[in-house]
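Novice: Protein chains in written order, with the numbering used here: chain A, 1 to 333; chain B, 334 to 666; chain C, 667 to 1045; chain D, 1046 to 1424.
Honestly, the hints are just simulated from the structure, not real lab data. Note that this is a predicted model, so its numbers are computed, not measured. Here a beta-carbon is modelled for each residue, glycine too, at the ideal position from N, C-alpha and C.
So the derived label-pair ranges between C-beta atoms look like this:
#, chain 1, residue 1, chain 2, residue 2, range
1, D, 1392, B, 360, 26 to 34 angstroms
2, B, 533, D, 1119, 51 to 59 angstroms
3, C, 926, A, 26, 29 to 37 angstroms
4, C, 963, D, 1184, 54 to 62 angstroms
5, D, 1392, A, 7, 42 to 50 angstroms
6, A, 52, D, 1347, 31 to 39 angstroms
7, D, 1330, C, 926, 32 to 40 angstroms
8, D, 1184, A, 80, 53 to 61 angstroms
9, B, 523, C, 1042, 44 to 52 angstroms
In silico contact screen, one side only, chain D against chain C (beta carbon under 8 angstroms); selected entries:
#, residue
10, 1075
11, 1230
12, 1264
13, 1265
14, 1276
Listed below are several chain D residues computed to face chain C (Cβ distance under 10 angstroms; list not exhaustive):
#, residue
15, 1069
16, 1070
17, 1072
18, 1078
19, 1239
20, 1243
21, 1263
22, 1266
23, 1267
24, 1269
25, 1273
26, 1281
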Amino acid sequence: MSTATPTRTATMAQALNAALRDALREDPAVHVLGEDVGALGGVFRITDGLTAEFGPDRCLDTPLAEAGILGTAIGMAMYGLRPVVEMQFDAFAYPALEQLFSHVAKMRNRTAGKLPLPITVRIPYGGGIGGVEHHSDASEAYYAATPGLHVVTPATVADAYGLLRASIASDDPVVFLEPKRLYWGKAAFDPAAQVEPIGKAVLRRAGTSAVLITYGPSLPVCLDAAEAAAAEGWDLAVLDLRTLVPFDDETVCRVVRSLGRAVVVHEASGFGGTGAEIAARVTERCFHHLAAPVLRVTGFDIPYPPPMLEHHHLPGVDRILDAVARLQWEDRG
Amino acid sequence: MSTATPTRTATMAQALNAALRDALREDPAVHVLGEDVGALGGVFRITDGLTAEFGPDRCLDTPLAEAGILGTAIGMAMYGLRPVVEMQFDAFAYPALEQLFSHVAKMRNRTAGKLPLPITVRIPYGGGIGGVEHHSDASEAYYAATPGLHVVTPATVADAYGLLRASIASDDPVVFLEPKRLYWGKAAFDPAAQVEPIGKAVLRRAGTSAVLITYGPSLPVCLDAAEAAAAEGWDLAVLDLRTLVPFDDETVCRVVRSLGRAVVVHEASGFGGTGAEIAARVTERCFHHLAAPVLRVTGFDIPYPPPMLEHHHLPGVDRILDAVARLQWEDRG
Amino acid sequence: MTVLDHRHHTAVPGWMPGATAPRTDPAPLLPDAAPVRVLGTPALEKQDPALLRELYRRLVVGRRYNQQATTLTKQGRLAVYPASTGQEACQIAAALALGERDWLFPSYRDTLAVVSRGVDPLEALTLLRGNAHTGYDPRATRTAPLCTPLATQAPHAVGLAHAARLGGDPVVALAMLGDGGTSEGDFHEALNFAAVLQAPVVFLVQNNGYAISVPLSAQSAAPTLAHKAVGYGMPGRLVDGNDAPAVHGVLAEAVERARTGGGPTLVEALTYRVEAHTNADDATRYRTEPEVAAWREHDPILLMERSLRGLGVLDDALVRESADEAEALAARMRAEFHAEPELDPMSLFTHVFAEPTQQLREQAAQLSAELAAEAEVQQ
Amino acid sequence: MTVLDHRHHTAVPGWMPGATAPRTDPAPLLPDAAPVRVLGTPALEKQDPALLRELYRRLVVGRRYNQQATTLTKQGRLAVYPASTGQEACQIAAALALGERDWLFPSYRDTLAVVSRGVDPLEALTLLRGNAHTGYDPRATRTAPLCTPLATQAPHAVGLAHAARLGGDPVVALAMLGDGGTSEGDFHEALNFAAVLQAPVVFLVQNNGYAISVPLSAQSAAPTLAHKAVGYGMPGRLVDGNDAPAVHGVLAEAVERARTGGGPTLVEALTYRVEAHTNADDATRYRTEPEVAAWREHDPILLMERSLRGLGVLDDALVRESADEAEALAARMRAEFHAEPELDPMSLFTHVFAEPTQQLREQAAQLSAELAAEAEVQQ
Ligand SMILES: Cc1ncc(C[n+]2csc(CCOP(=O)(O)OP(=O)(O)O)c2C)c(N)n1
Ligand SMILES: Cc1ncc(C[n+]2csc(CCOP(=O)(O)OP(=O)(O)O)c2C)c(N)n1
Ligand SMILES: [Mg+2]
Ligand SMILES: [Mg+2]
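Use the sequences and the hints to build the structure in full.
Specialist: Dropping the structure here:
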């Protein structure tokens, strides 16, 4: 059934496209809708060729109105379809937040399970692509703070395919956050083996000194930081959360307890960001295993900067290493 | 100039009304707008009598469209006015989130300080008033996670007056969260003495065992809990944050360091809530002073329940005391 | 069948140079300036007497339902009730205009329409009683939950209708809104989507003159709200919302057009909210008694009675029958609402997700322990 | 002066029983079906030759500006540029229709209108260059920042115009939008507020046939976008957007109406985006070459040249002068954009709030230390 030959090389954009294509093929209830998802294939080409293959009934160019798009998707889901909505950029999902918060997140609960909404809302998020203002927001904190939503964010090509398939197959609504700046990175992936369960973090790199807890666009940065840290004598583990809600307390706590030191890394602003939740819950659950407070390396508490200055805002290797250095190595361990 | 005779007794609703009235009197740039703020005086009567006194030009019943209201307020502020917007209930501010996130929070930054937006967005928030669905959301996490917004929430009659005056006078946009269930509580207040600076937490009750860190609707619950705790041998301090952004690290850390144990209490859902930020930053800054992890007592991670069940969701005295009991008293102190 | 093909011509010749005539002649879209009326006009004679009797009976029962629900709020048995007293003709006609497989998308004021659609009166009031959110199974009667965030249900109706049409299923969706709701962006987006997709939807705006305290004059400067249809390229219809056969006729025609591929219609029904916004509202703050009195004179039941008596369709037997049914319903409501509802606190966690997350299981365990401890104390 | 009194009549007699005629006669609000044209019609002869020459000159300079900016993207000197090539008549007319104290609210495509309003070309392009957000002081030329979130600037224009009117200040605000932007809820809410408040605003929709790849036929089913005005009770006007004097005339009239208390107007200008959506877009995916070619024939400069030559208003001197001015501007742009912009990383923290918070001061200190450490390494 899959469009991709096993273990091929693809960009994340292509893997996402393959996931949509395979989902459309396998389940007639799956419908894609959004701005420019048709002939253009979306501004990031994630829906490339879908209208050509499945027709406009299955992959629909909508009018330009995000609340209308998500509201229409809700009605389609009420009828029994499984809509996949594309928001063009992160900040352009904001007009749809009322539909998301007041209906998508709540409909199952409001109807005692009678009207579940198996909607996937795909949102390209984060910066690092030289976009002008309003094109680089990272707003996962809004979604993660909303009970009733699953929040998924892949960081690898394989997960992009596997987690998107799982999200579309989920009977719960999923906010699927695609790290734009990883769209064009290539890697091998085997779609046949790659339907990932939602809610499982994965250790991307084992280590013995401390763990970097991260997700989405910051994963490659953390892996680079771990590489660089090795030169300075730290053997850092890197944990990719993959799913913010539901949160994989078990895996995260197991790793933190075994190492005693952790740094949370994400590019969204720090104050009220998802890193706060991660730090708080890890501390609650692993307090006596901690040799140092869980530190956070995040974007600053500022509106996203213009492209020429964005690298100062985004957590980079040095900023991560600075935090690692502050993990009170002198104290204990 | 003030409408209120010094040190009178008033409900929070009356104090807010007095603050609006005094601001309208003292500064012709102040304009109130929103749904039903005119003849009706707002569904909570916070704007009672303002249109009668100042005319519809100063206190305006708008069409029913929250993005339109806030967007119009932005234009008014660009012209040089100082708009005070009323959102009717917390969940009904969601249609305005794009205007809030993409413009209100960013305009000063986007224009290098040339177009500051001194807008106050008043939002009645939280539950405990028997409201049906969509009438009891506590969404401070969304606002606190948005750089560029101040987030203020009074918990006393005096602060309601003083902080609203300060918010209206601020040259920055303020999301002013009014705890609905405290609207009708009475206390003495002296408007003349009560223009509170934004950004200062205050100790509402001194204590020696541990501190409850809270704000808005949960303050009275925490004071009750401290009372009840006394019977069980704990002498709890209660800290009222009053302002979530900017956060008063100094006061909070001073208290936490001196006591070594803290519980954060708020009624919004826990996951991704403001309590996570508080716990995370307190831990980062006071780690070696902590005898126990900073615990959180919050609403559950569920859509707000129907009125007859809401008391199970809202943090109450017992749940707070349970958390206090878990502060690892056996370990140290 | 690809239903959306018509949209995918590449060029847009309708407005290319030299061909800038309107894409559709707007004139047939313009609603009549005077609202459609049936009662008291010769058109009444052509109506099906069975339908007229049915409308009458349901109006009387509906009025009693509204009154009883309002009384229950005074007795503390309902948390809140936004009565549709005075608007019963719209409520009943909306329900009757739809077939069984069609869907109704009500707003918070439309409990009576929900009940008229076949939902149990007790279940329809669960939300307003406060023991659960939606008390009925929306799929059972194809009735969406009562919707509080204004106009947000309108795009849901479009999506459902669109999905049905894609599946070749002749379902029509009817969304109910208030005059105030037309100001929200979601109203606009829903109408535009409906027209572009040619979705089988009917939008019924009950223009009752007020959005809580705000009069229509501060809500819209349009000639009528029905004229808003023009901007979407769909027909708009204006009807006397207190004239039950007229509302039913206009809606039935719109439903039929939608079902047969004619696309959406916007209907504005002129009516009046005789009671306050809800039991919590004080309407004397923003409107005058003479205004209310004038509308009481134009009451939907009164209008029916006057016209049907003359026509011989309404007789004492029907009046008695209707009154009896109304009283029986009221009695049932009183009885059922006087019993305390059964509440299960643990239900807080059961329908957040298909399966509770680990976190929700932990939280449920916490609440469960608390409840056990409380129970112990109480023993 | 209380300007809003008219809204505060309590009763709503316009639609009370027995008086349900339209609140305003919709007929005069209906836009003409055929767009207003001046070029190539007898009306051209009545135009002020000075204005025609001014329009011509600015069109030529504007076209060159668009071309040069697009070239700068290819050279990596601008991050992105959404060209208004082909739409210059709308851009220039919008700027010229306003007085100095009026306000312009442009969208992201309207850099040329911003420059025509008097903003320095370099400053106008700062956003798109990527070194800062808004490069100009909006107050200096009364030009709001280029607005990217679609239609969100429309209510800002209403609010500003309303505020000015409350202060007795005869300011008009003109908001520019695209055809796609009309689908957003904010467009609807802004038009409704404008009409209800009778705010002195003009909404100019540049209907260039596409919202990125989505053709108008998938965006709206309305007869014309100008017909959307009907639903708000404001006049709508349809104009050939490539006919500069026609656009100017229609806008000037709307501005005048607004200034003299006549309330808002919606203007739809029919035009075409000759280039791709931005330099990053591939327009061949969604439209055909013949379509583009047909519109190149209807180019605003071509239309001017043809008509003005015949009228004797355009002579070789003006052609040369305009071309020279255009080249001078292009040369200046090339020179200025080839210099690296000065960047201050610490500016990230300066305008978040009026005063940086303690947290921002700490974060600034962190960045400052990092920069110092980097500088040390580089030495
Ligand atoms: C998005 C949103 N904003 C505000 C409210 C609060 N509210 C509830 S009913 C109402 C008035 C609605 O008026 P209208 O649409 O005319 O309906 P009616 O009550 O007259 O039936 C308002 C403002 C809401 N429910 N949703
Ligand atoms: C709220 C929002 N949604 C989506 C976008 C992404 N986007 C940028 S331009 C554009 C198309 C706009 O089309 P139109 O309004 O016709 O203007 P044009 O580009 O043709 O000038 C889209 C979808 C946006 N900027 N804002
Ligand atoms: Mg109404
Ligand atoms: Mg366009």
